[in-house]
Amino acid sequence: MNKIAVIDYGMGNLHSVAKAVEHVGRELGEEIEVLVTPDPDLIASADRVIFPGVGAIRDCMAEIKRLNVGKIVAEAMQSKPVLAICVGMQALMKSSEENGGIDCLGFMDGEVRYFDDNLIDVKNSRLKVPHMGWNEVTQTQDHPLWKDVPQNSRFYFVHSYYVQTSNADLVTGKTNYGTDIVAALAADNIFATQFHPEKSQTAGLSLLKNFLQWDGNA
Amino acid sequence: MALAKRIIPCLDCDNGRVVKGVKFLDIRDAGDPVEISKRYCDAGADEITFLDITASHEGRDTTVATVEAIAGQVFIPLTVGGGIRTLEDIRTMLNAGADKVAINTAAVINPEFVCEAAERFGSQCIVVAVDAKQVSAEGEELKWEIFTHGGRKPTGIDTIEWVKRMVNYGAGEILLTSMDRDGTKIGFDLPLTKAVSNAVRVPIIASGGVGTLQHLVDGVLEGEADAVLAASIFHFGEFSVEEAKHYMAEKGIEIRI
Numbered sequence: 041m042n043k044i045a046v047i048d049y050g051m052g053n054l055h056s057v058a059k060a061v062e063h064v065g066r067e068l069g070e071e072i073e074v075l076v077t078p079d080p081d082l083i084a085s086a087d088r089v090i091f092p093g094v095g096a097i098r099d100c101m102a103e104i105k106r107l108n109v110g111k112i113v114a115e116a117m118q119s120k121p122v123l124a125i126c127v128g129m130q131a132l133m134k135s136s137e138e139n140g141g142i143d144c145l146g147f148m149d150g151e152v153r154y155f156d157d158n159l160i161d162v163k164n165s166r167l168k169v170p171h172m173g174w175n176e177v178t179q180t181q182d183h184p185l186w187k188d189v190p191q192n193s194r195f196y197f198v199h200s201y202y203v204q205t206s207n208a209d210l211v212t213g214k215t216n217y218g219t220d221i222v223a224a225l226a227a228d229n230i231f232a233t234q235f236h237p238e239k240s241q242t243a244g245l246s247l248l249k250n251f252l253q254w255d256g257n258a
Numbered sequence: 002m003a004l005a006k007r008i009i010p011c012l013d014c015d016n017g018r019v020v021k022g023v024k025f026l027d028i029r030d031a032g033d034p035v036e037i038s039k040r041y042c043d044a045g046a047d048e049i050t051f052l053d054i055t056a057s058h059e060g061r062d063t064t065v066a067t068v069e070a071i072a073g074q075v076f077i078p079l080t081v082g083g084g085i086r087t088l089e090d091i092r093t094m095l096n097a098g099a100d101k102v103a104i105n106t107a108a109v110i111n112p113e114f115v116c117e118a119a120e121r122f123g124s125q126c127i128v129v130a131v132d133a134k135q136v137s138a139e140g141e142e143l144k145w146e147i148f149t150h151g152g153r154k155p156t157g158i159d160t161i162e163w164v165k166r167m168v169n170y171g172a173g174e175i176l177l178t179s180m181d182r183d184g185t186k187i188g189f190d191l192p193l194t195k196a197v198s199n200a201v202r203v204p205i206i207a208s209g210g211v212g213t214l215q216h217l218v219d220g221v222l223e224g225e226a227d228a229v230l231a232a233s234i235f236h237f238g239e240f241s242v243e244e245a246k247h248y249m250a251e252k253g254i255e256i257r258i
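Here the protein sequences line up with chains A and B, keeping their order. Residue numbers for the first sequence, in my numbering: 41 to 258. Residue numbers for the second sequence, in my numbering: 2 to 258.
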């Protein structure tokens, strides 16, 4: 039995993630159990942990602090594979420019920045914010979670802030939206994505499948 | 490398069946929404929009069950609209597996509802749907008014002012339907689409009037839409989503193939 805990701290739609993980579990023919829960003991009992997040970082961090989710994630990061998605990834950084500046968990080296107000592409066309839709992700490092995912596959993004890091070793995928942005990060047994694998059809489901089979070693 | 323009098939559903009317009349049965969603997803649809036009209260339970069934099989974003009036309605749809909800009439009745919804669930899942109709006479400066109740009720609200306000209130995306074009198959209202797209910072989905694949191209290149929505051209097998994507890509539009 492969037990996956999706940390529920009240921020947004966790059902998509849970449904997608159940789906790939069935495809693998593996017996899996998906728990959507805030309970530290249940999360500690899981084989793998997903740290999702949507909405404003201020509200996310407030709930993360209130429910002591930082400690839960820190413990999971020490012992098992962890997948952080979207604002879940942003929450791992040091700080975010959103909501007038917010301190985040600081578990990974990097900051969360706002897209410029006058964002343009290479053809000088105006770019909308949020960055919403399917963009190409360039895999900048090999990683078990990229197995069977073709280089430059498109993934579904929806975000108004993006991660920047000076530590290039952490970056496993990048994309471009007016500027180069981090699409995926990895360190030890954590993998984090700005995009939503659970909404990214074939490429996203492959990544989730890899996560279910990943032992946490790069 | 760039963000792709999105093609969004729309399912108008009544009591669990896909239907599509011409100017909201003459409703034809087009089939099972779960099966159709799955087919569109496999053909490369970038998102699915599900608009519930069921009137009865009992029918709403069918809708929730249908959304659940679609979300269990389709791993691309799913937007649900129609009859979203309260925070509880939003929660119900998100719990059923919707990724975004489209708010229309309820926003006009109580604009603050959009603020509350965005605050509670995040702008990324709040789509404001607007039904606009041209009210300027020929030769006058173009002007469009917001209509509600499936295009039957005028509101006196100017469309451009309205979308700006909705984005300030937290709408993460605008689903723009031209009531003059809906169901006509003569193409999007391009001046309307362009005016709305240029008025706000968030992405715009153009809707209403698609009859040919060139209309989809025009919506992006001339209307400056970030996504194009169509229903009947896909439902009745005139064109597949795949054909639409290839056609748009041939015309130089960034598309997810």
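Incorrect hints may appear among the rest.
Taking lysine to any residue and the SDA-like style, the derived pairs with C-alpha atoms no more than 25 Å apart in a straight line are [claimed, not checked]:
| hint | chain 1 | residue 1 | chain 2 | residue 2 |
| --- | --- | --- | --- | --- |
| 1 | A | Lys59 | B | Arg61 |
| 2 | A | Lys59 | B | Arg202 |
| 3 | A | Lys214 | B | Lys39 |
| 4 | A | Lys59 | B | Ala107 |
| 5 | B | Lys252 | B | Leu214 |
| 6 | A | Lys59 | B | Asp62 |
| 7 | A | Lys59 | B | Glu89 |
| 8 | B | Lys165 | A | Glu138 |
| 9 | B | Lys252 | B | Val218 |
| 10 | A | Lys163 | B | Lys39 |
| 11 | B | Lys39 | A | His63 |
| 12 | B | Lys165 | A | Lys59 |
| 13 | B | Lys165 | A | Ala58 |
| 14 | B | Lys252 | A | Asp161 |
| 15 | B | Lys195 | B | Phe237 |
| 16 | B | Lys39 | A | Asp161 |
Facing chain A, a subset of chain B residues (Cβ under 8 Å, in silico) [unchecked claim]:
| hint | residue |
| --- | --- |
| 17 | Gly32 |
| 18 | Asp33 |
| 19 | Ala70 |
| 20 | Gly73 |
| 21 | Phe76 |
| 22 | Gly173 |
| 23 | Val203 |
| 24 | Arg257 |
Hints listed in this document are in silico derivations from the structure and should not be mistaken for laboratory results. Backbone N, C-alpha and C define an ideal beta-carbon position, used for all residues, glycine too.
Structure-based check of all given hints:
no. : hint                : verdict
1   : A/Lys59 - B/Arg61   : holds, 22 Å
2   : A/Lys59 - B/Arg202  : violated, 32 Å
3   : A/Lys214 - B/Lys39  : violated, 30 Å
4   : A/Lys59 - B/Ala107  : violated, 30 Å
5   : B/Lys252 - B/Leu214 : holds, 11 Å
6   : A/Lys59 - B/Asp62   : holds, 20 Å
7   : A/Lys59 - B/Glu89   : holds, 21 Å
8   : B/Lys165 - A/Glu138 : holds, 21 Å
9   : B/Lys252 - B/Val218 : holds, 7 Å
10  : A/Lys163 - B/Lys39  : violated, 35 Å
11  : B/Lys39 - A/His63   : holds, 14 Å
12  : B/Lys165 - A/Lys59  : violated, 35 Å
13  : B/Lys165 - A/Ala58  : violated, 35 Å
14  : B/Lys252 - A/Asp161 : holds, 19 Å
15  : B/Lys195 - B/Phe237 : violated, 28 Å
16  : B/Lys39 - A/Asp161  : violated, 33 Å
17  : Gly32               : violated, 22 Å
18  : Asp33               : violated, 19 Å
19  : Ala70               : violated, 11 Å
20  : Gly73               : holds, 6 Å
21  : Phe76               : holds, 5 Å
22  : Gly173              : holds, 6 Å
23  : Val203              : holds, 6 Å
24  : Arg257              : holds, 4 Å
In this structure, the earlier hints numbered 2, 3, 4, 10, 12, 13, 15, 16, 17, 18, 19 are contradicted, and the remaining ones agree with it.
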